[in-house]
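S.K.: I would like the entire structure built from these sequences, with the hints used as guidance.
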Amino acid sequence: MIWDQKMECASRPEMKKLQSERLKKLVHYLWKGNAVYRRRFEHFNVKPSEIGDISDIRKLPVTVKEDLRDNYPFGLFTDYRHTTEIHVSSGTTGNPTVVGYTREDLKLWAQVMARSLALAGAVPGDMIQVAYGYGLFTGGLGAHYGALEMGLKVIPASSGQTKRQLKLMTDFRPRILACTPSYALFMLDEARALGIDPKASSWEIGIFGAEPWSESMRAQIEASWDMTATDIYGLSEIIGPGVAQECQHKAGLHFQWDVFYPEVLDPKTGENVKDGERGELVITTLTKRGIPLLRYRTRDIVTIEYSKCKCGRTTPRISKILGRTDDMLIIRGINVFPSQIEYVLLKIEGTQPHYLLVVDRQNNLDTLEVWVEVEEKMFSDEIKQMRALEETIKREIESVLGLDVKVKLVEPKSIERSEGKAKRVIDKRKI
Amino acid sequence: MTHIQLSVFLENKKGRLYDVCSFLGEHKVNIRALTVAESDNFGVLRLLVKDPQRVAGLLKGNSFVVNETEVVALEVNDKPGGLAKVLGAINKHHINVEYMYGFVEPKARKAMMVFRFDDPVAAVKALKADRIKVVSSKELGSI
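Chains as they are written, first to last, in this note's numbering: chain A, 1 to 431; chain B, 1 to 143.
Because the hints were derived from the structure by calculation, they are not lab data. Take these hints with a grain of salt, some might be off.
Unchecked claim - Calculated cross-link-like contacts (lysine-lysine; reagent style DSSO-like; alpha-carbon spacing at most 27 Å):
id, chain 1, residue 1, chain 2, residue 2
1, A, Lys-423, B, Lys-14
2, A, Lys-406, A, Lys-428
3, B, Lys-13, A, Lys-384
4, B, Lys-60, A, Lys-347
5, A, Lys-408, B, Lys-13
6, A, Lys-406, B, Lys-13
7, A, Lys-384, B, Lys-92
8, A, Lys-24, A, Lys-107
9, A, Lys-406, B, Lys-14
10, A, Lys-308, A, Lys-17
11, A, Lys-153, A, Lys-250
12, A, Lys-377, B, Lys-50
13, B, Lys-14, A, Lys-428
14, A, Lys-413, B, Lys-28
15, B, Lys-138, B, Lys-128
16, A, Lys-377, B, Lys-14
17, A, Lys-384, B, Lys-14
18, B, Lys-13, A, Lys-428
19, B, Lys-128, B, Lys-50
20, B, Lys-14, A, Lys-413
21, B, Lys-60, A, Lys-408
22, B, Lys-60, A, Lys-413
23, A, Lys-377, B, Lys-13
24, A, Lys-408, B, Lys-14
25, B, Lys-133, B, Lys-110
26, A, Lys-17, A, Lys-274
27, A, Lys-423, B, Lys-13
28, A, Lys-377, B, Lys-60
29, B, Lys-13, A, Lys-394
30, A, Lys-24, A, Lys-274
31, A, Lys-274, A, Lys-310
32, A, Lys-394, B, Lys-14
33, A, Lys-423, B, Lys-60
34, B, Lys-60, A, Lys-384
35, B, Lys-13, A, Lys-413
Said to hold, decoys possible - Computed footprint of chain B on chain A; a stretch qualifies when at least three of its residues, placed anywhere within it, have a C-beta under 8 Å from a C-beta of chain B:
id, stretch
36, 372-383
37, 402-415
Virtual Cβ for every residue (Gly too), placed ideally from N, Cα, C.
M.R.: This is the structure:
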């Protein structure tokens, strides 16, 4: 089923008209209600009256993650007064990224997530097991709101506790599973160990996201669980999950462009790439009220396709994420920047930021090992002191990332330096 | 009456102990006493050598992380009950031992124990008063 026939099947001229109207309103809204954007408009010498058509979006300044951080916590909120829910993701260097939703924004989120569930093949009355984390992370609650909107039966299982997940699946027989793709693979081993036949599972549809995954992972999940595995895309800055989602033809992720306007730009020049070429996905939230963002640089590399899909929808489709324009890693669905670890190490007295992140996937779960070079100032002849140092580094990193890590102390100069600059990341995962 | 012990950080990987020892051999450094303390992923090599400052400089120049600590060497009678006598005195004076290790001095038929105390100077004073033989740098150098 198509959840919102009018928006998802609109002709391109109709959509352009709607997007143009919404952009105009947005610019006025920001001009009036947001001091940060107002200053930026003045700096770039753009007046709201100059924005008449969606193509005028090019005149507007871009927004980057650092803008959210620099205006921490609520500086970029346009309607703080009516904000009813706040989500937080770990920040790059200290301050986390904070986003807020008004009641209308939560309705919008539920709407786009309901569209996503329908894209994946859900119908009202289905049961869904939401095994994304509930809490500050947007994955769990986003899927939850969409499921309520659609009229599904929700099992708010949240992440982890695999045995219990499998028991819920076996006893309640949900048709839909929402979690990270690596967790779907991880549960496979656990199921086999418990003597559960994965092929006999009740899950027919998987809505997998929050981390990059490959076609080979899809093939493995589909064959082992005997289910259809679909990809979902979203980021908390824009709204969370529900920005784009594959339909059952799996021919790209349908982008909800009546509310999130996509541009695919050359990250160096900021110009539009030619249709079908790779570029950085830049998104404008056309209707959000709490913290609307103009031309937000996602750092995700995609291609975009505007032709009508076999499913009948006219929404453009983005490719899977083909890469990043920065050094961000996604580990078990959590965004990790090497600079976050550098920040932690600098804070710990005596620690020089010579480190290496070793990312691997063991038993289908991502692992992060942090190698830290031992310097004279931090070295003690007593093992207990060294262990305490290891423990401090581990605890500090875990509290910033919200992810368990293994810390390994290594000898100085043992981490490879290329042209005097240390190599920061080794990613051994074969995604 | 204390000695400078050198500690060297070693990653727990094949051949690292050999690397340090062969490096010291090449530079004609004679190791008086040695012990390795280990954790899951790393170890700490502790050494007593002649002219520790020079050796520390050599090691640091070769990218080893080196730490210098004051330790105390005590003579122990190489016969049953010898160590217990020394430990008894340490106990009596409530001296805190971080760690210790032993080595044998073959010519004198004496055993030596190296102690890492919280407060080495106070420990030496107390133990000497109790007639425990504290090994001097000169004696250690002549071994």
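S.K.: Compare the structure with each hint and give your call.
M.R.: Verification of the hints:
Taken as a hint, the Lys-423 of chain A and Lys-14 of chain B pair is honoured in the structure, with Cα atoms around 23 Å apart against an allowance of 27 Å. Taken as a hint, the Lys-406 of chain A and Lys-428 of chain A pair is honoured in the structure, with Cα atoms around 15 Å apart against an allowance of 27 Å. In summary, the hint linking Lys-13 of chain B to Lys-384 of chain A is supported, as the alpha carbons are separated by about 20 Å, within the 27 Å threshold. At most 27 Å may separate the alpha-carbon atoms for a hinted pair to count; Lys-60 of chain B and Lys-347 of chain A meet this at roughly 25 Å.
About 12 Å separates the Cα atoms of Lys-408 of chain A and Lys-13 of chain B, which keeps this hinted pair within 27 Å; it holds. Simply put, Lys-406 of chain A and Lys-13 of chain B have alpha-carbon atoms about 17 Å apart, close enough for the 27 Å limit, and the pair holds. Between Lys-384 of chain A and Lys-92 of chain B the CA atoms are separated by roughly 25 Å; this keeps the pair inside 27 Å, and the hint holds. Between the alpha carbons of Lys-24 of chain A and Lys-107 of chain A the distance comes to roughly 22 Å, so the proposed pair stays at or under 27 Å and holds.
A C-alpha spacing of about 21 Å is found between Lys-406 of chain A and Lys-14 of chain B, which places the hinted pair at or below 27 Å, so the restraint holds. Restraint check for Lys-308 of chain A and Lys-17 of chain A: the C-alpha separation of about 18 Å stays at or below 27 Å, so the hint holds. Between the alpha carbons of Lys-153 of chain A and Lys-250 of chain A the distance comes to roughly 25 Å, so the proposed pair stays at or under 27 Å and holds. With a CA separation close to 24 Å, the supplied pair Lys-377 of chain A and Lys-50 of chain B stays within the 27 Å bound.
Annotation: proposed proximity of Lys-14 of chain B to Lys-428 of chain A holds, straight-line Cα distance about 22 Å (limit 27 Å). For the proposed pair Lys-413 of chain A and Lys-28 of chain B, the alpha carbon gap of about 25 Å is at most 27 Å, so the pair holds. A hinted pair counts as satisfied when its Cα atoms are at most 27 Å apart, and Lys-138 of chain B with Lys-128 of chain B qualifies at roughly 17 Å. Under the criterion of a C-alpha separation no larger than 27 Å, the hint pairing Lys-377 of chain A with Lys-14 of chain B is consistent with the structure, at around 25 Å.
Of the pairs offered as hints, the one joining Lys-384 of chain A and Lys-14 of chain B holds, with about 23 Å between alpha carbons and a cut-off of 27 Å not exceeded. Distance restraint check for Lys-13 of chain B and Lys-428 of chain A: the Cα-Cα separation of roughly 20 Å lies within the 27 Å cut-off, and the hinted pair is therefore satisfied. Among the hinted pairs, Lys-128 of chain B with Lys-50 of chain B is consistent with the structure: their alpha-carbon atoms are about 24 Å apart, no more than 27 Å. Restraint check for Lys-14 of chain B and Lys-413 of chain A: satisfied, since their Cα atoms lie roughly 17 Å apart, inside the 27 Å limit.
For the given pair, Lys-60 of chain B sits about 21 Å from Lys-408 of chain A by alpha-carbon distance, which is consistent with the 27 Å threshold. Restraint check for Lys-60 of chain B and Lys-413 of chain A: the C-alpha separation of about 12 Å stays at or below 27 Å, so the hint holds. For the hint pairing Lys-377 of chain A with Lys-13 of chain B, the CA-to-CA distance comes to about 23 Å; that is within 27 Å, so the pair holds. Taking the CA atoms of Lys-408 of chain A and Lys-14 of chain B, the gap is about 16 Å. The hint holds against a cut of 27 Å.
At most 27 Å may separate the alpha-carbon atoms for a hinted pair to count; Lys-133 of chain B and Lys-110 of chain B meet this at roughly 11 Å. For the hint linking Lys-17 of chain A to Lys-274 of chain A, the alpha-carbon distance of about 22 Å falls within 27 Å, and the restraint holds. Between Lys-423 of chain A and Lys-13 of chain B the CA atoms are separated by roughly 21 Å; this keeps the pair inside 27 Å, and the hint holds. Under the criterion of a C-alpha separation no larger than 27 Å, the hint pairing Lys-377 of chain A with Lys-60 of chain B is consistent with the structure, at around 13 Å.
As the CA atoms of Lys-13 of chain B and Lys-394 of chain A are separated by approximately 21 Å, the hinted pair is consistent with the 27 Å bound. For the hint pairing Lys-24 of chain A with Lys-274 of chain A, the CA-to-CA distance comes to about 25 Å; that is within 27 Å, so the pair holds. Restraint check: the Cα-Cα separation between Lys-274 of chain A and Lys-310 of chain A comes to about 23 Å, which is no more than 27 Å; the hinted pair holds. Between Lys-394 of chain A and Lys-14 of chain B the alpha-carbon distance is near 25 Å, which keeps this suggested pair within the 27 Å criterion.
Under the criterion of a C-alpha separation no larger than 27 Å, the hint pairing Lys-423 of chain A with Lys-60 of chain B is consistent with the structure, at around 23 Å. A C-alpha spacing of about 23 Å is found between Lys-60 of chain B and Lys-384 of chain A, which places the hinted pair at or below 27 Å, so the restraint holds. A C-alpha spacing of about 15 Å is found between Lys-13 of chain B and Lys-413 of chain A, which places the hinted pair at or below 27 Å, so the restraint holds. Evaluation of the coverage hint for the stretch 372-383 of chain A: fulfilled, as 8 residues show C-beta separations to chain B shorter than 8 Å, against a requirement of three.
Counting residues of the stretch 402-415 of chain A whose beta-carbon sits less than 8 Å from any beta-carbon of chain B gives 7, enough to reach three: the coverage restraint holds.
Against the hints set out earlier in the document, no violation occurs for any number.
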